[in-house]
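**Q** Spelled out, the chains give:
There are 4 protein chains.
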Amino acid sequence: MQIGLVGLGKMGGNMRERLRNAGHEVIGYDTNPELSDVKNLVELADRLAAPRAVWVMVPAGRVTQSVIDQLGGILKPGDTVIDGGNSRWTDDEKHAEELAKRGIGFVDAGVSGGVWGLENGYALMVGGEKEHVDRLKPIFDALKPEGPYGYVHAGKVGAGHFAKMVHNGIEYAMMQAYAEGWELLEKVPSVENVREVFRSWQEGTVIRSWLLDLAVNALDEDEHLDKLRGYAEDSGEGRWTVEAAIDNAVPLPAITASLFARFASRQDDSPQMKMIAALRNQFGGHAVEKK
Amino acid sequence: MQIGLVGLGKMGGNMRERLRNAGHEVIGYDTNPELSDVKNLVELADRLAAPRAVWVMVPAGRVTQSVIDQLGGILKPGDTVIDGGNSRWTDDEKHAEELAKRGIGFVDAGVSGGVWGLENGYALMVGGEKEHVDRLKPIFDALKPEGPYGYVHAGKVGAGHFAKMVHNGIEYAMMQAYAEGWELLEKVPSVENVREVFRSWQEGTVIRSWLLDLAVNALDEDEHLDKLRGYAEDSGEGRWTVEAAIDNAVPLPAITASLFARFASRQDDSPQMKMIAALRNQFGGHAVEKK
Amino acid sequence: MQIGLVGLGKMGGNMRERLRNAGHEVIGYDTNPELSDVKNLVELADRLAAPRAVWVMVPAGRVTQSVIDQLGGILKPGDTVIDGGNSRWTDDEKHAEELAKRGIGFVDAGVSGGVWGLENGYALMVGGEKEHVDRLKPIFDALKPEGPYGYVHAGKVGAGHFAKMVHNGIEYAMMQAYAEGWELLEKVPSVENVREVFRSWQEGTVIRSWLLDLAVNALDEDEHLDKLRGYAEDSGEGRWTVEAAIDNAVPLPAITASLFARFASRQDDSPQMKMIAALRNQFGGHAVEKK
Amino acid sequence: MQIGLVGLGKMGGNMRERLRNAGHEVIGYDTNPELSDVKNLVELADRLAAPRAVWVMVPAGRVTQSVIDQLGGILKPGDTVIDGGNSRWTDDEKHAEELAKRGIGFVDAGVSGGVWGLENGYALMVGGEKEHVDRLKPIFDALKPEGPYGYVHAGKVGAGHFAKMVHNGIEYAMMQAYAEGWELLEKVPSVENVREVFRSWQEGTVIRSWLLDLAVNALDEDEHLDKLRGYAEDSGEGRWTVEAAIDNAVPLPAITASLFARFASRQDDSPQMKMIAALRNQFGGHAVEKK
Numbered sequence: 000m001q002i003g004l005v006g007l008g009k010m011g012g013n014m015r016e017r018l019r020n021a022g023h024e025v026i027g028y029d030t031n032p033e034l035s036d037v038k039n040l041v042e043l044a045d046r047l048a049a050p051r052a053v054w055v056m057v058p059a060g061r062v063t064q065s066v067i068d069q070l071g072g073i074l075k076p077g078d079t080v081i082d083g084g085n086s087r088w089t090d091d092e093k094h095a096e097e098l099a100k101r102g103i104g105f106v107d108a109g110v111s112g113g114v115w116g117l118e119n120g121y122a123l124m125v126g127g128e129k130e131h132v133d134r135l136k137p138i139f140d141a142l143k144p145e146g147p148y149g150y151v152h153a154g155k156v157g158a159g160h161f162a163k164m165v166h167n168g169i170e171y172a173m174m175q176a177y178a179e180g181w182e183l184l185e186k187v188p189s190v191e192n193v194r195e196v197f198r199s200w201q202e203g204t205v206i207r208s209w210l211l212d213l214a215v216n217a218l219d220e221d222e223h224l225d226k227l228r229g230y231a232e233d234s235g236e237g238r239w240t241v242e243a244a245i246d247n248a249v250p251l252p253a254i255t256a257s258l259f260a261r262f263a264s265r266q267d268d269s270p271q272m273k274m275i276a277a278l279r280n281q282f283g284g285h286a287v288e289k290k
Numbered sequence: 000m001q002i003g004l005v006g007l008g009k010m011g012g013n014m015r016e017r018l019r020n021a022g023h024e025v026i027g028y029d030t031n032p033e034l035s036d037v038k039n040l041v042e043l044a045d046r047l048a049a050p051r052a053v054w055v056m057v058p059a060g061r062v063t064q065s066v067i068d069q070l071g072g073i074l075k076p077g078d079t080v081i082d083g084g085n086s087r088w089t090d091d092e093k094h095a096e097e098l099a100k101r102g103i104g105f106v107d108a109g110v111s112g113g114v115w116g117l118e119n120g121y122a123l124m125v126g127g128e129k130e131h132v133d134r135l136k137p138i139f140d141a142l143k144p145e146g147p148y149g150y151v152h153a154g155k156v157g158a159g160h161f162a163k164m165v166h167n168g169i170e171y172a173m174m175q176a177y178a179e180g181w182e183l184l185e186k187v188p189s190v191e192n193v194r195e196v197f198r199s200w201q202e203g204t205v206i207r208s209w210l211l212d213l214a215v216n217a218l219d220e221d222e223h224l225d226k227l228r229g230y231a232e233d234s235g236e237g238r239w240t241v242e243a244a245i246d247n248a249v250p251l252p253a254i255t256a257s258l259f260a261r262f263a264s265r266q267d268d269s270p271q272m273k274m275i276a277a278l279r280n281q282f283g284g285h286a287v288e289k290k
Numbered sequence: 000m001q002i003g004l005v006g007l008g009k010m011g012g013n014m015r016e017r018l019r020n021a022g023h024e025v026i027g028y029d030t031n032p033e034l035s036d037v038k039n040l041v042e043l044a045d046r047l048a049a050p051r052a053v054w055v056m057v058p059a060g061r062v063t064q065s066v067i068d069q070l071g072g073i074l075k076p077g078d079t080v081i082d083g084g085n086s087r088w089t090d091d092e093k094h095a096e097e098l099a100k101r102g103i104g105f106v107d108a109g110v111s112g113g114v115w116g117l118e119n120g121y122a123l124m125v126g127g128e129k130e131h132v133d134r135l136k137p138i139f140d141a142l143k144p145e146g147p148y149g150y151v152h153a154g155k156v157g158a159g160h161f162a163k164m165v166h167n168g169i170e171y172a173m174m175q176a177y178a179e180g181w182e183l184l185e186k187v188p189s190v191e192n193v194r195e196v197f198r199s200w201q202e203g204t205v206i207r208s209w210l211l212d213l214a215v216n217a218l219d220e221d222e223h224l225d226k227l228r229g230y231a232e233d234s235g236e237g238r239w240t241v242e243a244a245i246d247n248a249v250p251l252p253a254i255t256a257s258l259f260a261r262f263a264s265r266q267d268d269s270p271q272m273k274m275i276a277a278l279r280n281q282f283g284g285h286a287v288e289k290k
Numbered sequence: 000m001q002i003g004l005v006g007l008g009k010m011g012g013n014m015r016e017r018l019r020n021a022g023h024e025v026i027g028y029d030t031n032p033e034l035s036d037v038k039n040l041v042e043l044a045d046r047l048a049a050p051r052a053v054w055v056m057v058p059a060g061r062v063t064q065s066v067i068d069q070l071g072g073i074l075k076p077g078d079t080v081i082d083g084g085n086s087r088w089t090d091d092e093k094h095a096e097e098l099a100k101r102g103i104g105f106v107d108a109g110v111s112g113g114v115w116g117l118e119n120g121y122a123l124m125v126g127g128e129k130e131h132v133d134r135l136k137p138i139f140d141a142l143k144p145e146g147p148y149g150y151v152h153a154g155k156v157g158a159g160h161f162a163k164m165v166h167n168g169i170e171y172a173m174m175q176a177y178a179e180g181w182e183l184l185e186k187v188p189s190v191e192n193v194r195e196v197f198r199s200w201q202e203g204t205v206i207r208s209w210l211l212d213l214a215v216n217a218l219d220e221d222e223h224l225d226k227l228r229g230y231a232e233d234s235g236e237g238r239w240t241v242e243a244a245i246d247n248a249v250p251l252p253a254i255t256a257s258l259f260a261r262f263a264s265r266q267d268d269s270p271q272m273k274m275i276a277a278l279r280n281q282f283g284g285h286a287v288e289k290k
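Protein chains in written order, with numbering that gives the first Met the number 0: chain A, 0 to 290; chain B, 0 to 290; chain C, 0 to 290; chain D, 0 to 290.
Among these hints, one or two may not hold up.
[To be verified] Incomplete in silico selection of chain A near chain C, CB under 8 Å:
#1 205
#2 252
#3 262
#4 263
#5 265
To be clear, the hints were calculated from the coordinates, so they are not data collected in a lab. Here a beta-carbon is modelled for each residue, glycine too, at the ideal position from N, C-alpha and C.
Extracted from the complex, chain A is given alone in its bound form (with noise of 0.2 Å):
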C-alpha cells in the first residue's frame, strides 16, 4: 500500500524503514531536506494516488496543528490523515471535525515503542470510525509487533490517543514501583546484592515485566546508578492523564504520586519545604539550615 509520512525523525525515520521493509512504498517528508523524500506537502500529496494516507508524526501542539491545516488544504475528499504523535485527545475531535467538513476522514494513532519499535514492532492503539481505520488496516499490520497483540481500535475518534495516555500514566506508575522497591533495598545493609535481587525477579515472579528488564539492562550498566542523576522528565502524557482523572473524578493516587515525584526531582530547593522549615523553627525554634 501506499502511504505519506510527515515527519521523519527518530520515530518516522524508523517507521518509514519498517514501512520499507514490510514492502509497502512511503513517501516522506521532513522540514529537514537531507531526510525527506519530497520537497513540500503539495509534492507529497502529488505523489500519492486518491484515495490518499498520510500519517503525520511531529510533535504535539502547534506544529501538528499547522500540518493538519495545510492537509487540510492540499487534501481532496476520500483521503485519511492519521495522526500518529502524541496529540492530547482533546485535539483529535477538533483535527477530525475541520477535516470532515473537507470530505478527509482522520485517525488517531497511539504509538508505543520507542527505541525498540523498529525491529520488535510498534504497540498501536487507534481511534477512528471503521471505514477510515479499516482501509489503514495493511499499515496498521506492518508497524505492529508480530503475533496476535499490539494492535488495537480502540473506539471513536480521540480513543487512540487516550488509550496510548492512559498506557503512559500506568508506565509511570510502574516505574515508580520498581524506583521505590528499588531505593528502599539499597538502604538495607542486609540485602548484599540488589542487583541480583533485580535480575533473579525477571522469572517466576509477579513482578516480571519488560520494564523489569530494563532495570537489570541499567544496573549492569551501572550497577547503584552512580553515574546519573535523580532527574526525571515528563512527557505531557502523565500530566492528561491526571487530568483526564480529575475530569472524570476518577481517584489515581500511584499515578499522580509518580508525576510529582518527577516535578520535584526537577527541583533544585524545594519552595514548599522552605515553608515547612519556616513553621518549624516559628513554632518550635527548630533549627533551620540556611543557605
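Put chains B, C and D on the given structure of chain A with help from the hints.
**A** For chains B, C and D alone, kept in the frame of chain A given last:
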C-alpha cells in the same frame, strides 16, 4: 537430596510435588494427618539423615515461631532450618540466633509464584550464611523456574524475606497502576473496547508484564468485572514495606497509596469522609447525605 | 457609594445586606423577581450614576459568562464590572479583554466566608488594575471583616480568583488532616473521649484553627457523626488547584490526596479495587467478594 | 502542690517556671548541676512528701526508660510518675505495668506548646486511671492555657501520648497544606503579593489558624524564604502516626504524603528518581543528566 517439609497446605503441598518430580526425597509433616507423611516432628527428624534440612512452610508469626521452637529442641548441630513462609524479616534474625545457640543453621527464603508455582517454578529470594545456603542448592534448583532467573542469594539472614517483602510492595503499586488506568478507560465513552486495549498492550508496549496478562485473563472471564466487589485484602507484606520505608526515611508514595487504597476498599463507610462532610456543612451550609 | 449587584442568592443576598448596613446604596438584580430590586440589567444600569460599578455574584461558567456579555452591551466606558463568583482564574483574563474593548474595567474578587460572612465579614482576594481596584475600596471595606486582615489586592486580573482557588486547595488538605486524625483516634480503644480531645486542642496547640472549632461544633451535634454518610462533594476549586499545579510542575501531594479522597467517597463501589481483587484472585487464588 | 520534675531542658525548665509562677513547689532534677535543685533522684524523692508525684520530661526512648527504671526503685507505693516527654504510646503500657508491680501509679501526658508554652500555657493530653489523673489536677491546671480548653483526660494509659501523636500527624498535614499553597502562589506571575495574600487570610477565611499566623511571621522575616533551605526534619511522632494507621488499617493519605515530603527534602539526590531516569533512557533513549 533429602529434605523435611513442615506445612503441606496449598503452597507446601505443591512444593513437595515439585521437589519429588525433580527426584528429591521429601518427608512432609502437616497437622492434618491425611496430608502428612509422618506422625510428628520427632518422627520427621528421625527419618532424615544428618546433617538434616527442614523447610518450614507455615503461616507467619505464632505458628512459624512455634514450629521453629520445636525444631530447635529436636534437631542437632549441623542441621539447617529454612523458613519459606511469609515471615517478617525482623523475625529472621531472632530465629537465626536462637537456632545458632544449638549449632543449627538458619536460612530465610522468600517464595513467589502462588498457584502457578507447581508448573512454572517458584521464584526464590534467600538470605543466610553462604555455608548454609550452598548446601541447599539442589533444593533451590528444583523449586526455581527453569532458566537463568528466579533465584537469588540476596544477602545475610533476613535478606530473603526482605527482598520478597519489597517484591510484594512493588506488586501492590503495579496492580494499582493497571487498576487506575482501567478505571479511567472504563469511564470515558470514546474508548469502546477497554478489554481489547488491555489485550493489545501485551506486546510492543512499555507496560507489558505478567500482571497485564493476568488482567486480560480476568477481563476475559468478566469483561467489566461486574461480578466482583471492589474489596481487597492485604497480606501484611505491603504494610511491612511501608514500615521499613519509614524506619529508613525512604519516601514510598506510590506503594503507600496502593496500600491505603486497599484499606479504604474494605470500609463500608469512611469515617474520615464523614468528618469532611460535617465540616463542609458547618462552614458552607453544604448539604450532607444523611444515612 | 452606589453599586449594582447581580445575583441575590445565599451569598449575594447577604452581601447586599452587609453593604446596606454599611450605608452603601445597593441596586440588586436577580432572575427571581421576589429578590430583585429592578426588572432587568438595563434598569439596573439606569439606576446607577456613571461611572458605574456592578458586582456579579452568579454561578461560575456559563451564567457568569452570559451576565458579563450582557453587561458589556449595556454599560459604558469608565464603568467597572466585578466578578465575585467562583470563576476559574483563566476566565478572568478573557472577561477583562472583552470588556476593555468597550472601555469597561474588570476586577476579579475571590470571596470567602460562607454562611458566616454576613455577620463576620467576607475575606476578599482581589485582582485587577490599581485604578479599578482603588475606586472600589469603600465596597471592599464594607464587605471585609473588621480589623487589619481579610482583604488583599493580590495582583493582576485573575490573581484574586487564583488566590481564592489556592485558599480552597489549602482548605481541602486542612480538612483532610483533621479528618484523618479523627478517624485514627476513633479507631483506638484506649482513647475514650475523642470529642473532648478535639475540644481540648482549641487552645495551646499547634493545630488550633477555625476549622477545628467547627469540627468541635459538628461533634457536639453528633459525637461520632453517626448520622452522616462519608460522602463529600467538591466545588471545582480543588480540581483547578491541582490543574494549576500540573501546569506549573508544582507537586501538591497532600491537596491532591484530599481531592481524590472526595472522589472516592462518592463511589458506591470502586472499579479500580475490583481490578485489584481480580488480579489477586488470578495470581494467588485469593478469594474475591462476589456481589 | 508539691511535684518533682526530672529534666530541665528548654521544655522542662519553662514548665518549672510556669508551675512556680502558679504557686506550686517544684523540686527539679537535671544531669546538668547548674540547672538542678537536687543532686540526684534519691534526694529528689527525699525532698517530696508522700504520696509523691514526679513528672519526667526527658528524651523519649532510652533516657525515659532509664529514668522510669530508676524511679521504680526509689519511689514508694502510692506515688505517681508522669511521663510528659514524647514517648511512643506503646511504651506507656509497659511503664505502667512495671510501676504498678511496685504500687506506683503512671500517667502519660502529651504536651504541646513549644517555645510559646511558658507564656501561653501548654496544651495537655493525659492518659491514665482516674484516681492518678485526678490527684494531679492542680498541676495540669497550672500548666494548661487559661480558659476552657487545652486540657483533656483522653482515656486509659497511653491515650495521652496517642492523642498528642495524632495532633502532630495533623500538624504535619496542615503545614504541608499551607506550604503547597504557598509554592503554587509563588510560581504564578499574576499573583504579585503572596505574603499579603497570606496575611489577608488571617481573618474571615476558612483556613485561618495559628499556623497561618506563624507563616505570616516567617514571611515578614524573609518574604520569599530565600535564606532557608527546603530541608525538614521529622520528630518521630509523624512516623508513629502512620505506623498506628497501618496497624489499624486506616488510610492516611495526606498525613503520609507530608511525612514523605520531609524524607525527600533531606536527600541530596533521590535514588528512586535515578532509577526513573535510567528506565526512561532504556526504553526511550531519553537523555539523562549525568553527575
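**Q** For each hint, tell me whether it holds in the structure or not.
**A** Here's how the hints hold up against the structure:
no.: 1; hint: 205; result: holds, 5 Å
no.: 2; hint: 252; result: holds, 6 Å
no.: 3; hint: 262; result: holds, 4 Å
no.: 4; hint: 263; result: holds, 5 Å
no.: 5; hint: 265; result: holds, 7 Å
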